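There are 2 protein chains.
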Amino acid sequence: MSKELVFGHKNPDTDAISCAIEYAYLANKLGDEVEAVALGKTNNETNFVLNRFNVKAPRVITKAKPEVDSVVLVDHNEAIQSVDDLADVTVTSVIDHHKINFSSAQPLFYRAEPIGCCSTIIYKMYLENNVEIPSNIAGLMLSSIISDTLLLKSPTTTDDERNAVPALAKIAGIDDYEAYGIEMLKAGSDVNDRSATDILEGDAKSFDMGGKTVRIGQVNAVDLNDVFKRQAELETTMTDLMADKSYDLFLLLATNVLTSDSELLALGEGTDVVEQAFGTKFSNHRMNLPGVVSRKKQVVPPLTKAFD
Amino acid sequence: MSKELVFGHKNPDTDAISCAIEYAYLANKLGDEVEAVALGKTNNETNFVLNRFNVKAPRVITKAKPEVDSVVLVDHNEAIQSVDDLADVTVTSVIDHHKINFSSAQPLFYRAEPIGCCSTIIYKMYLENNVEIPSNIAGLMLSSIISDTLLLKSPTTTDDERNAVPALAKIAGIDDYEAYGIEMLKAGSDVNDRSATDILEGDAKSFDMGGKTVRIGQVNAVDLNDVFKRQAELETTMTDLMADKSYDLFLLLATNVLTSDSELLALGEGTDVVEQAFGTKFSNHRMNLPGVVSRKKQVVPPLTKAFD
Numbered sequence: 001m002s003k004e005l006v007f008g009h010k011n012p013d014t015d016a017i018s019c020a021i022e023y024a025y026l027a028n029k030l031g032d033e034v035e036a037v038a039l040g041k042t043n044n045e046t047n048f049v050l051n052r053f054n055v056k057a058p059r060v061i062t063k064a065k066p067e068v069d070s071v072v073l074v075d076h077n078e079a080i081q082s083v084d085d086l087a088d089v090t091v092t093s094v095i096d097h098h099k100i101n102f103s104s105a106q107p108l109f110y111r112a113e114p115i116g117c118c119s120t121i122i123y124k125m126y127l128e129n130n131v132e133i134p135s136n137i138a139g140l141m142l143s144s145i146i147s148d149t150l151l152l153k154s155p156t157t158t159d160d161e162r163n164a165v166p167a168l169a170k171i172a173g174i175d176d177y178e179a180y181g182i183e184m185l186k187a188g189s190d191v192n193d194r195s196a197t198d199i200l201e202g203d204a205k206s207f208d209m210g211g212k213t214v215r216i217g218q219v220n221a222v223d224l225n226d227v228f229k230r231q232a233e234l235e236t237t238m239t240d241l242m243a244d245k246s247y248d249l250f251l252l253l254a255t256n257v258l259t260s261d262s263e264l265l266a267l268g269e270g271t272d273v274v275e276q277a278f279g280t281k282f283s284n285h286r287m288n289l290p291g292v293v294s295r296k297k298q299v300v301p302p303l304t305k306a307f308d
Numbered sequence: 001m002s003k004e005l006v007f008g009h010k011n012p013d014t015d016a017i018s019c020a021i022e023y024a025y026l027a028n029k030l031g032d033e034v035e036a037v038a039l040g041k042t043n044n045e046t047n048f049v050l051n052r053f054n055v056k057a058p059r060v061i062t063k064a065k066p067e068v069d070s071v072v073l074v075d076h077n078e079a080i081q082s083v084d085d086l087a088d089v090t091v092t093s094v095i096d097h098h099k100i101n102f103s104s105a106q107p108l109f110y111r112a113e114p115i116g117c118c119s120t121i122i123y124k125m126y127l128e129n130n131v132e133i134p135s136n137i138a139g140l141m142l143s144s145i146i147s148d149t150l151l152l153k154s155p156t157t158t159d160d161e162r163n164a165v166p167a168l169a170k171i172a173g174i175d176d177y178e179a180y181g182i183e184m185l186k187a188g189s190d191v192n193d194r195s196a197t198d199i200l201e202g203d204a205k206s207f208d209m210g211g212k213t214v215r216i217g218q219v220n221a222v223d224l225n226d227v228f229k230r231q232a233e234l235e236t237t238m239t240d241l242m243a244d245k246s247y248d249l250f251l252l253l254a255t256n257v258l259t260s261d262s263e264l265l266a267l268g269e270g271t272d273v274v275e276q277a278f279g280t281k282f283s284n285h286r287m288n289l290p291g292v293v294s295r296k297k298q299v300v301p302p303l304t305k306a307f308d
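So the sequence lines, in the order shown, correspond to chains V and C.
Sequence positions in the first sequence follow the UniProt record's numbering and run 1 to 308.
Sequence positions in the second sequence follow the UniProt record's numbering and run 1 to 308.
Here chain V stands alone, though its shape is the one from the complex (with noise of 0.2 Å):
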């Protein structure tokens, strides 16, 4: 087999990076030649985990093509979130935790497992195919597993994860995880030194909802006041974006990662809809949301059925 790219989704998170790494070391102690590559610059979240475990971040690629015929997706399956030339190469494989977007010429290995983060289920492929798990590798499947489960308390979080966090932390050296998790998940929100734009759509989605355009992003922090003590400049940023990009509603979901509870901030046509998803009204064009940390779980199900 010739050589072939992994990587990621586009806006790279700790699991979208971890998983392309984690996938290549695999792949190539199967016997295939496998780089891991990045379709977008690490976040601090993301560089605090490399610089902790001594892995180097993956060189960023806009295109694959001119490189390699054939390339492997991991984290995500949509053509929207992959590489710009995609439809110019093969995908022979997919390992992935999201909805399904995808369609191929041919047939090809695909492994999509509706559980809590994508290295789970590379942490499982290891296991099947009997590769010992490096100490650093293990310490990249155990950040990102935090990371996507906010520490296990994510919704989204399933018995694999609960499972593979211990028996990775033992792998990593990591003697007290939750502690570790609290400084990674600390090292990757501190937002005073991200611009406005940057708050909004680092981690922004848009969805079509009745008809209309929503944009929903998701910030993290460890103490909403330093989101909230910049809500007039991410207001006007909002409202830029909006007559930009043409979206008719903007969500931005702020989630206090200690305490696992947000505070949704929403300008736009249709907050009376919002409101009525969440039974609970805007103030100040803000909504506490206790317990509520999925954009995927516990936000877009209640819109998509309140607007539709």
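One should not assume that every hint holds.
Simulated restraints on C-beta separations [as the list claims (entries may be wrong)]:
hint : chain 1 : residue 1 : chain 2 : residue 2 : range
1    : V       : Leu127    : C       : Lys205    : 34 to 40 Å
2    : C       : Asn54     : V       : Val60     : 56 to 62 Å
3    : V       : Lys3      : C       : Pro301    : 51 to 57 Å
4    : C       : Ser283    : V       : Val131    : 39 to 45 Å
5    : V       : Lys10     : C       : Ser206    : 31 to 37 Å
6    : V       : Asp308    : C       : Ala179    : 35 to 41 Å
7    : C       : Asp69     : V       : Val131    : 53 to 59 Å
8    : V       : Ser195    : C       : Lys245    : 18 to 24 Å
9    : C       : Asn192    : V       : Lys10     : 44 to 50 Å
Hint data in this document are derived by calculation from the structure and do not stem from the laboratory.
Please read these numbers as outputs of a predicted model, since none were measured by experiment.
Here a beta-carbon is modelled for each residue, glycine too, at the ideal position from N, C-alpha and C.
Given chain V, work out where chain C should sit, using these hints.
For chain C alone, coordinates are given in the frame of chain V:
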């Protein structure tokens, strides 16, 4: 979990029917309530297999929603090949070995491998889950692999099939799997009692090639004379089908399952392009294609290339 239905594609072959039965047994062993059903009547080959291993044919359904909220797809993933009301139910799992054209609103379990037979994947799932394979289930798996790979001769065959066949034959109590396989393929390839339409359309698929609608049927036989002694009748029916369904070109790949050679019968526009694709000429609307058994791997790709 509430009860689910599992089924293979419409126009079911031995693998489609067997996969559903194999999956349901595995899922039930693992504690889920799953019933195997079918999206059409079993064919002659499958009837031979079910009879040989004393397994009841699954009941046929046309809609899923009246019975269940969620379903499992085996041996297919595309909506067009699936139950009519697929959009009204949730797909919780897909096990398949075809190209992918699938989308979902939620994450799900999806396992596809680019190998010869879908039953081979389910065989591996039994092993991974340490579920003992009953003798009759092993018989279905063995028969499916023999059917899909024409006794391990198709270029779609992988080491997974080559390893599974002797292991499954042993569990199924089949001493000579080649003799059994030939007996099974013969039972499935008796074309004498099939109508011309059934021979042409029974396993046909449409392809868009360079703007033309190319219909490609395939029929297995142990003696190609059984097919071509009815050439006049087949050509009349082909002509009618092309007029009725607006096909531009109709191809029937008649495959000798004992020698793994085929003969191609063609009518319509672009037969010159077909000649180009295979580097040989039609004579009396027929051409010999020695060694060709796989529509997917040996017919569609060269034709697509020649037409584009």
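Going through the hints against the structure:
Our hint of 34 to 40 Å for V:Leu127 and C:Lys205 holds, since their Cβ atoms are close to 39 Å apart. Restraint check, C:Asn54 to V:Val60: a C-beta distance of roughly 59 Å satisfies the suggested window 56 to 62 Å. The supplied range of 51 to 57 Å is broken by V:Lys3 and C:Pro301, whose beta-carbon atoms lie about 23 Å from each other. Look at C:Ser283 against V:Val131: about 55 Å separates their beta carbons, and that is not inside 39 to 45 Å.
Hint check: V:Lys10 to C:Ser206, Cβ distance near 35 Å, so the stated range 31 to 37 Å holds. Between V:Asp308 and C:Ala179 the CB atoms are about 59 Å apart, so this pair departs from the stated range of 35 to 41 Å. Between C:Asp69 and V:Val131 the beta carbons are some 39 Å apart, a value that contradicts the proposed interval 53 to 59 Å. The supplied range of 18 to 24 Å is broken by V:Ser195 and C:Lys245, whose beta-carbon atoms lie about 58 Å from each other.
A C-beta distance of roughly 58 Å is found between C:Asn192 and V:Lys10, which places it outside the suggested range of 44 to 50 Å.
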